[in-house]
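Here the protein sequences come in this chain order: P and S. For what it's worth, numbering that gives the first Met the number 0 labels the leading residue of the first sequence as 0, then goes sequentially. For what it's worth, numbering that gives the first Met the number 0 labels the leading residue of the second sequence as 0, then goes sequentially.
The hints are simulated quantities; they were obtained by calculation from the structure and are not laboratory data. Keep in mind it's a predicted model, so treat the numbers as computed, not measured. Any given hint might turn out to be false.
[Unchecked claim] A few chain S positions that, by computed beta-carbon distances, are all more than 10 Å from chain P:
| no. | residue |
| --- | --- |
| 1 | Arg13 |
| 2 | Gly55 |
| 3 | Cys235 |
[What the hints assert, rightly or not] Here are some, though not all, of the chain P residues that point toward chain S, as calculated from beta-carbon distances under 10 Å:
| no. | residue |
| --- | --- |
| 4 | Arg78 |
| 5 | Leu81 |
| 6 | Ala162 |
| 7 | Thr212 |
| 8 | Ser217 |
| 9 | Gly219 |
| 10 | Val220 |
| 11 | Val222 |
| 12 | Gly262 |
| 13 | Phe263 |
[Said to hold, decoys possible] A few chain P residues that face chain S, going by a derived Cβ cut-off under 10 Å, partial list only:
| no. | residue |
| --- | --- |
| 14 | Asp30 |
| 15 | Val75 |
| 16 | Pro80 |
| 17 | Asp206 |
| 18 | Leu208 |
| 19 | Thr209 |
| 20 | Lys214 |
| 21 | Arg216 |
| 22 | Leu218 |
| 23 | Ala221 |
| 24 | Leu260 |
| 25 | Ser264 |
| 26 | Leu269 |
| 27 | Leu287 |
Ideal Cβ positions, reconstructed from N, Cα and C, are used throughout, including at glycine.
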Amino acid sequence: MRRVGAAAVVAAAPLALAAALWFGSVSLPADEWFRTLAGGGADASREIVWGLRAPRAAAAFAVGALLAVAGTLLQVLLRNPLADPSILGISGGAAVGALAGMLLGLHAWAIHGLALAGAGAAAGALLALAVRLTGWNIYRVLLTGVALGAGCGAAVSLMLALAPAAQVHGMLFWLLGDLSGAQQPLPAWVTLAAVLACAQLLALKLDALTLGTLKARSLGVAVGATQSAAFLAAAVATVAAVMVAGSIGFVGLVVPHALRLAGFSDHRRLLPLAAVAGGALLTAADTLARSAAAPLEFPVGAVTALVGVPVLLALLARTR
Amino acid sequence: MLAASGLRLAVPGRTLIDGLDFFAAPGQCWAVLGKNGAGKTSLLLVLAGLRAPEGGTVALDGAMIAARSRREVARRVGILLQDETESFWGTALEYAMLGRLPHEPAPFGADPAAERAALAALAEVDLAGHAAQPYRTLSGGERQRARLAQLLVQSPDLWLLDEPLAHLDLGHQVAVMRLLARLAAGGRAVVMALHEPFWAARVCDHAVLLYDSGRPRQGPTHEVLTQDHLEALYGCRLEPAAAASTPVFLPTS
Chain P
0 MRRVGAAAVV AAAPLALAAA LWFGSVSLPA DEWFRTLAGG GADASREIVW
50 GLRAPRAAAA FAVGALLAVA GTLLQVLLRN PLADPSILGI SGGAAVGALA
100 GMLLGLHAWA IHGLALAGAG AAAGALLALA VRLTGWNIYR VLLTGVALGA
150 GCGAAVSLML ALAPAAQVHG MLFWLLGDLS GAQQPLPAWV TLAAVLACAQ
200 LLALKLDALT LGTLKARSLG VAVGATQSAA FLAAAVATVA AVMVAGSIGF
250 VGLVVPHALR LAGFSDHRRL LPLAAVAGGA LLTAADTLAR SAAAPLEFPV
300 GAVTALVGVP VLLALLARTR
Chain S
0 MLAASGLRLA VPGRTLIDGL DFFAAPGQCW AVLGKNGAGK TSLLLVLAGL
50 RAPEGGTVAL DGAMIAARSR REVARRVGIL LQDETESFWG TALEYAMLGR
100 LPHEPAPFGA DPAAERAALA ALAEVDLAGH AAQPYRTLSG GERQRARLAQ
150 LLVQSPDLWL LDEPLAHLDL GHQVAVMRLL ARLAAGGRAV VMALHEPFWA
200 ARVCDHAVLL YDSGRPRQGP THEVLTQDHL EALYGCRLEP AAAASTPVFL
250 PTS
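From just these sequences and the hints, can you work out the full model?
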């Protein structure tokens, strides 16, 4: 049963990527599309498929994978089923930076820089306030993250209220997650490879951590070092995802849960499968977001929730 | 094997144990008895190196346990905890396989050696038919036996068990006590916190009684588990039960 589930998840990835290359505001004839995929086709087709859709699909996949891996790590780390990348306040910090940049009318690269600074400041504040000063305490980390997130949320609300009407649309898209500017997927993929490698080395220790810190220590796990490494990996994954696509919710929450409910609990399998499933989910959601009512685009974060909620509810309904 | 010297354990406002010298040798089976809150769990955690004592030292084969790496300790010392966070999503087999963790299991892919060991351990605790069952759907007694199976896979030289009979029916209590006695007879050291002096007298060769005064009493079970000592320990009147091969004391009617 689990093998069928794993095969379905792995098969979903190429299907989602193929759909991302196929669907769009311009419809290509099937023979031209296949010719373009094979390296031929007209210049315009190549530009549409390889120049526009492929980088965006690759970015969407990497972001989805990063969010799902971060969510998986945080749910173990915080022993909280509601943990997802936004719970640390990192997305909130990035949002404050990005929206401040938009409000000031700065260039795109400066907005990116401010988002990175905001995310880094939030992660640094969390580390300093909740971890470094007093040692690891999941409740303190959770509450600090929630408090930072609430503070950032308030700042975002203020900026939305103060912003000229013309800027609010762009701000809202950033807040709901937007992949329209994601044309350079390489940094996200490099980060994903590094985070996944780190997470994979922690996988067995994370299994033991699900039994509680005392039991994990009795099984020989260096709990503090494992928690710090997992937290760092989750934070880096979140920052990388937010930098590419803004704040996309639900992928980091729903994907790990769906896989656990489908019977995957061993983190050596769960983490890579979460990456593939998260990547496929966000790629499919982004394809839907940009092609369902093309040329109009929906915020991808809204689509991930619309797709993910029924899936999670269906899995919960059939689980004892 | 494990030597504790001058141990002092305390909780805010109260000293639990004051000045305990304790030595567990291979082949010995120890019972730790005492009222609720007497310090049984704290003592086991200190002996496992999972809690620092307020005073004194714990050494494993002559080296301070606190100075050894957690993995090194975990290969020698295993502990059955009274409470465990129940957020494990895998099967009973996967749960038991986690006992391989201190022994450097394969970081990637399947681990047939761990799987074989875990299946044998589950069979040992009468859970052979539950290997594929999600751990969280096991009953309380089945979970307790799955925890023992994990310890069997961990295969430590020193077994510390906090209420190993909790949640178990009488038949499985007998089976688990026979298993622990067999481990001790095979050269492992076993230390278990119990609430039933009867099992301590029948299975263990040594006992530590943790009194409210903080001054523990220890020695061979036939010397320590007397009516007077147990009445003082639990604060209730006892009487010897007739027709028992092991001295057994029951509360007076």
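Here is how each hint holds up against the structure:
1. The claim that Arg13 (chain S) is not at the interface with chain P holds, since no C-beta of that chain comes within 10 Å of its own (minimum 22 Å).
2. With a least CB separation of 20 Å from chain P, Gly55 (chain S) remains clear of the 10 Å interface cut-off, as annotated.
3. No beta-carbon of chain P is positioned within 10 Å of the beta-carbon of Cys235 (chain S); the least distance is around 32 Å.
4. Nearest Cβ of chain S to the Cβ of Arg78 (chain P): about 6 Å, under the 10 Å cut. The hint holds.
5. For Leu81 (chain P), the shortest C-beta to C-beta distance to chain S is roughly 13 Å, which exceeds 10 Å, and the interface hint is violated.
6. Interface restraint check: Ala162 (chain P) against chain S, minimum CB-CB distance 42 Å, threshold 10 Å, status violated.
7. Hint status for Thr212 (chain P): holds, given a least beta-carbon distance of 8 Å to chain S, under 10 Å.
8. For the restraint placing Ser217 (chain P) at the interface with chain S, the shortest Cβ-Cβ distance is roughly 5 Å, inside the 10 Å limit, so the hint holds.
9. For the restraint placing Gly219 (chain P) at the interface with chain S, the shortest Cβ-Cβ distance is roughly 3 Å, inside the 10 Å limit, so the hint holds.
10. Interface restraint check for Val220 (chain P): the shortest CB-CB distance to chain S comes to about 7 Å, inside 10 Å, so the restraint holds.
11. The interface hint given for Val222 (chain P) holds, since its Cβ lies 8 Å from the closest Cβ of chain S, which is under the 10 Å cut-off.
12. Given the 10 Å rule on beta carbons, the hint for Gly262 (chain P) holds: about 8 Å separates it from the nearest Cβ of chain S.
13. Proximity of Phe263 (chain P) to chain S holds as hinted, the smallest CB-CB distance being about 8 Å (cut-off 10 Å).
14. Given hint, Asp30 (chain P) at the interface with chain S, is violated; its Cβ is 42 Å from that chain's nearest Cβ, farther than 10 Å.
15. Hint status for Val75 (chain P): holds, given a least beta-carbon distance of 8 Å to chain S, under 10 Å.
16. For Pro80 (chain P), the interface hint holds, since its Cβ comes within 10 Å of a Cβ in chain S; the closest pair sits about 8 Å apart.
17. At about 6 Å, the closest approach between the beta carbon of Asp206 (chain P) and any beta carbon in chain S falls short of 10 Å, and the interface hint on this residue holds.
18. The interface hint given for Leu208 (chain P) holds, since its Cβ lies 9 Å from the closest Cβ of chain S, which is under the 10 Å cut-off.
19. Annotation: interface hint on Thr209 (chain P) holds; nearest CB of chain S at approximately 5 Å, less than 10 Å.
20. At its closest, the beta carbon of Lys214 (chain P) sits 6 Å from a beta carbon of chain S; the interface hint therefore holds under the 10 Å criterion.
21. Because the closest C-beta pair between Arg216 (chain P) and chain S is about 6 Å apart, less than 10 Å, the hint holds.
22. Annotation: Leu218 (chain P) was flagged as interfacial toward chain S, and the flag holds, the nearest CB pair being 4 Å apart, inside 10 Å.
23. A least Cβ separation of about 6 Å between Ala221 (chain P) and chain S falls short of the 10 Å threshold, and the interface hint therefore holds.
24. Restraint check, Leu260 (chain P) versus chain S: the minimum CB separation of about 9 Å is within 10 Å; hint holds.
25. Contact between Ser264 (chain P) and chain S, as hinted, is supported at the beta carbon level, the nearest pair being about 4 Å apart and thus within 10 Å.
26. Because the closest C-beta pair between Leu269 (chain P) and chain S is about 9 Å apart, less than 10 Å, the hint holds.
27. For Leu287 (chain P), the suggested interface contact is broken, since its CB lies about 30 Å from the closest CB of chain S, more than 10 Å.
Violation of the numbered hints given earlier is confined to hints 5, 6, 14 and 27; the remaining hints are satisfied by the structure.
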